[in-house]
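Asks: Each chain is listed here by its residues.
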Amino acid sequence: MGRTLVSITQQLAQAEERLGRYRRALARADQKIFDELFALARRRLAASSMAADPLPMQIILLGMLIGTASAVAGLAARVEALEHERPLPPRLDP
Amino acid sequence: MNARSLPAWILDLYPAPEGMVLWLKTEARSGSAEWAGDGRALRAVDELPMSFFIAAEPSILRAVWKEISGWTGLRLARERRFEIHQGGEIDLLAVTAPGPLPYRAAVREALARWPDLSFYNADLDPALVYAIERGVFPLAQCQVTLEGARVRAIATDQTRWDLAASPPPFRILTLRLEGELRDPSHGYRAPLEIAAPEIPTQTRAWDAPRELVEAVRDSLLAYDPDILLTAWGDSFLLPELLQLAQKLGIDLPLNRDARRSVLRKGERSYFSYGRIVHRPSSVWLFGRLHIDRQTAFLADEYGLDGLVELARTTLQPLQQVARTSSGTGISAMQTAEAYRRGWLIPYRKREPEDFKTALELVRGDKGGLTFQPEPGLYEHVLELDFASMYPSLMVKFNLSAETVGRTCPKCRPSSPIPFSQRTLASRGQPAPAPSRGPGALGEGEREGSPAIIPEIGYPVCQCRKGIVPLTLAPLLEKRLALKKAARALPEGPEREVLRRRQVALKWLLVTCFGYLGYKNARFGRIEAHESTTACGRDTLLRAKEIAEERGYLFLHALTDALWIYKEGSTDAEHQALVEEIGRDTGVRIDIEGLYRWLAFPPSRQYAGNPVANRYFGAFEDGKIKMRGIEARRHDTIRWIREAQAEMLEILARAENGAGYRARMGEVFALAREKLADLRRGAVPPRQLAILHRISQPPEEYRANLPVALAARELAASGVHLAPGEAVEFVLTLGGGARPYDIWRETDVPDAARYRELFLRMLESLAVPAGYDRAGILAELDGIRQDPLPGMAGVSVRGLISALKDQRDTRQDHVGMTDRVGLEML
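Protein sequences appear in the order of chains A and B. In this text, residue positions in the first sequence follow my numbering: the first is 1, and each later residue adds one. In this text, residue positions in the second sequence follow my numbering: the first is 1, and each later residue adds one.
So here's chain B without its partners, still in its complex pose:
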């Protein structure tokens, strides 16, 4: 049979009895060669032998060998490989299967037979192994030589670190219900919309199922999409379509691979960091990629461009990337790095997918330094942010599971370098060069003194680069390069693509820190995690000290960001400051911006007390930055979120603290309008719907909380709700709550409860300007009211409240205004 060679993208790859199946997306160009593609996808097959390893006492290993040699189709060998936690090579039995499916079968059998032995490389993803073995990656543009459907050769001149690599020219077919995005499994039905860029959009009603299924089938056949992009395709659309097709006897080619049937994975609810998480069921296609925008992890944040970036850098097929967390991505990258070097990959029984909320871990972990800012309104505040602080520290100090708390024979333990001196040494001094003869040190190794972690005192071996820094270094570099490239472009779609790609990588970097301490992560170890936060605290304090030495006043700091103030400070001074901090700490720090005004609202829980992560302010260019306030929170109802955003737009025009206070009049005027709309019933219920995740099955709620009422009513109407799933409801008169999905025209929202929510939002903005609850009510109603007990907002308490009035008149000259509290005298 003749071989043919053609350029193509690797669209999808998965194991099959024949080996690995590759879906190759050909280029749509009319070439002269008879092989030139036509933009269609081809199915090709390649071989992929895969190995796993068993370690044990020599006598046991011999017995195991003897027994496995009786199993068919496997190749056995003795090998020595590097085990990172032991820091050296160990003796192993290598078991090689001819393909991914026999590999999985053999692993399963061996694990069942010898559950107590140490297994390595026992749960590798065939797609990842294939990519490394062939030097390719998902969605790479390759040159492929085919003999029939067999891959003879495959190669790419791209790398997964290329900035310029453009995504394959996907053909995308969109399936969704017409109208606003609403969860159909809660009862919502609207005609199905079938859309693609090059064909006219069709809509089909569900009460004519045959026409509907046939329209989908015809679109699939005519357009042959690479990607099926859906809204609720996982939980509703595709299962429903498949069921209808089966009932009507219509062949619905959702898959391109006719030999495979659609794969459905069930839903599940699980606990993760004190919160219940619901993972909906999913529908996986073969040869075509199904992406459900409702379940794609963070897809709203970085879109398809970000998913493509993740598939490439983490070596996971696109469908997988769209359904797993960034923790899985980091784990895959570490596995790839170890595999590429021939290092052993520890086997973990549990899938790392459970690790859904690493981001919350970073926010919630007390390992980072969390200061308490003085509530109030400030001017001319400078915010500095360390760029990817934790990953940078991991790379810089070689923080990894196998390096922290360990020294190797090549370390010079007699001369450990304290952290502070180590950072000083990084000022331009090159790393110590290998001094022994050639061959003494392996790849990536150098002789050196261990670094010493501040506070904890762990030594960290610097001789051999750890798996975590090895994984992160190119990732950090790529993200920085993407950011730089984006900055060089004018505002526009190209720049947006680069932004999305770098944001996708940012989530990987954020996750990698949590992963370091995660007990189910292959390369995780709590000591490495502790060391990272300890280095982070030291770095942040160093930045604070440098700023204070330069005459800045320290206002607030949070893990990797710093808020400081210096009267009349100039851009040149700020620049000099970040340069010195960067030089001294060895971690890049950027100017986030200079605030015209910045507010730290007080805590609701402890009136007058600060909250670490709630603030909002306007930068010099008028851009608003906000954290933790209503407009930024996902659980805020739309009416309030939008109202606050409008109010912040008004306030963003203020030049300083005085301007902020002056514009509060406009804000109150807007608030009066909004509240009048509410009273008149002119706010649509959609705007008032509260989104809440249920923490238990509807029938198990004891108290009649609004969420419980709504969940029970939904359940009674036949909707299946699992813990962790979201319920949307509107508060109704008489203390009730109606699920938004079954809202009736006769239902009336409870204006009083919504007014209270609105007032709390307004407090966030008004309290920093000096208003308390009574003052706000006076502005809204024109009537002075006594504050209700417990609603005093920030009132001045304590020993010296008599001084308050005096103080208020003499503030602006120090750049901070309206600061209340005892110790600020």
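Excised from the complex, chain A in its bound form:
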């Protein structure tokens, strides 16, 4: 369908491309994290498209934040379980 607007999927790809030189200057370990953060945003594309935000970068950053927070929450739950020697909680929420 001839879409008038650039889709969020394309905007994300463009943002990643625009930051190519930034990524290049990062240390290799940081480059992996850079890629990982974009993967987190990519996994939340459905929500990002619902946001229909005029500033896509802030939605992309929000996706990275939610993904990171979700990882932290998962780690916290595991740490707590390990401390109290309880069975580990299931890791469910993608």
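Read the hints as simulated data drawn from the structure, not as lab findings. Beta carbons are placed, not taken as given, at the ideal position from N, Cα and C, and that holds for glycine. Don't take every hint at face value.
Label pairs and their in silico Cβ distance ranges [unchecked claim]:
| no. | chain 1 | residue 1 | chain 2 | residue 2 | range |
| --- | --- | --- | --- | --- | --- |
| 1 | B | S118 | A | Q58 | 41 to 51 Å |
| 2 | B | H634 | A | Q31 | 46 to 56 Å |
| 3 | A | L26 | B | R638 | 40 to 50 Å |
| 4 | B | R268 | A | A73 | 12 to 22 Å |
| 5 | B | S166 | A | L62 | 55 to 65 Å |
| 6 | A | T68 | B | R680 | 26 to 36 Å |
| 7 | A | Q31 | B | E646 | 40 to 50 Å |
| 8 | B | E545 | A | T68 | 16 to 26 Å |
| 9 | A | A69 | B | E545 | 18 to 28 Å |
| 10 | A | Q31 | B | E545 | 33 to 43 Å |
Taking lysine to any residue and the SDA-like style, the derived pairs with C-alpha atoms no more than 25 Å apart in a straight line are [stated by the list, open to error]:
| no. | chain 1 | residue 1 | chain 2 | residue 2 |
| --- | --- | --- | --- | --- |
| 11 | A | K32 | B | G770 |
| 12 | B | K566 | A | K32 |
| 13 | B | K544 | B | I452 |
| 14 | B | K625 | A | A46 |
| 15 | A | K32 | B | K544 |
| 16 | B | K566 | A | V72 |
With chain A fixed as given, assemble chain B onto it according to the hints.
Replies: Frame of chain A; chain B shown alone:
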């Protein structure tokens, strides 16, 4: 002259100088009446006056009237008719011609004379108009009163919505080249096979052309088939036969109608949704129906039963249905609906046939919600599918070109109903009844508040039913009834017929959505299209919310389907869930199935990332469902497709994720066998042929891609190739590619490149079980190899990969296994 009345099917109908020609297929029963048919087809003629309309300023219209009144044979009148986009009646000049051919001539002349005026009903299909005017439809069983060859009366007690209507007892003659199905225009030749159920099959070689043409002629005369079913009859067989017959001076009665010559339409290539499409030339017969199974749109999917169903429901003759897209079918149905009501039909200059790939539009359009599933292997996953979601929403919320974003004087704009409340209101509350006195509201109208589209906020008039919902409602109902009837039957040919009929209707329903936003569609408008996807997104999210409220975990959703998981959930719980979603959203949702195991393979483009529409799994009954993987894709070579299907059969026996992993050993054993066959050269080249559509003429390819090599070689051997046409080739040693049609015994397939394709297929199955490329190679060769750069498959990346090993041991209890990635902790 005496009139005679007889029962007959309408086999074909088309315009002629005398009016409309009907081919009536009589019943083959030995009646006592002298008119009882003998199964033969009769040619009959009926009149069909046709009108078109012109709208303009009164002064201009008067001038037009004055000028047209000088043209011969036309009847002029002033009329007022309903124009849907304006929402009211408008003044018109009605021009009526005595028959379809003078109608076309008059339209052509008027359009050339006044290209800037508004024309209505100016490009109607005479067959469609005839069907509506007489209350009949193509392939309907009718009672016909004839006076000589003139139709005095024609009527049917069937409707095009009848479930039980059986197809006419067609006599079918098949013409094809002997052996496997191969495109003869790429040089393939084999003897011609002439077959029909009641006569012995004959084969004739092409090097004895006289015998060959005479055999075809004799079969046509002796058997008098209603349908000529061919493979490549459009592009090769019939043109070749006609040419030979002409050269040899043999009269070849392909047509039943001796007054008409065979109609040939040329090939063309065109762009549609970013892809080049090739429409081959076609050969149309009169009085006999030519169906080329190679060009019939989707005929593999629903066969002749589906084509008959489409001809009946869309009011298009069978030959036309077999050569046009379902978009044309939807357009015809909308036109019929408007014509029947006396509404004006907007004129479009372009033919809607270009709209070939509406299905791809649905898949590709980002209007539907597309989630990204976490790659991995899952257990006990429930898939729910909304039944015909978009058409159901169009009917339910009256989404149509003329209703979206519009309110009429009868709307109560002070009390618009938000979408969410509207869906709640649909829980058993009847629609508001008309409150004004009689006559205030017309047919299909009721007073009401406009619905409000979520996200976009367009109001949608609910007072008058739109043309799109009017067209779709009976279609949805019929498909549902066919599905229900099929379910009630045991597995067998009868059930298969019902299945094919409902699948044919499904394609119409799928297309209708794309058509709503198509600028060349008569009744299309982009806002109506946007509204449909917005309602769809809201409906899908509502389903997700309801499932989550009931304790299900949301895994994935795609436009109108939902994948969810709840540990230990029961059938009763699932049933209760779909009932609640159906009640709440007002759209029927069905349980597609409960998966024993379900795999979402990771993306190849971004390792470790998900892909929305690639998955495969085994339902509880052992049935496999797959989307987007090699075995399902049409561009996968047969060797790989069949190997993957065999592997999936092995995996289908696994009861759960652990069983899946356990059976990977058997899968690798099979893979080793297949690869050994490849190495030994024991895989026939047919199995290795790659099918590829060329996007430009062979000589314009710059790069030496395999497809370019093959296309150029074919072209050099004298084959004409147009963009959009398919080329089949086998990859050969030294980076070459040989067209399959000119494969030589001395050619050797390139085992290394085929092995790579095979490995990629194997990855789809093995990666969800926890293997990476190196692990797969180790299983195949017994040697651990380092992965090549960029071929790491899914490797755990990111901040916390150290936790991976720990994680892998503690997964199965949550019903999902081997999920890799950062945020899944």
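Asks: Against the structure, test the hints numbered earlier, and report the numbers of the ones violated in rising order.
Replies: 2, 4, 6, 12 and 15
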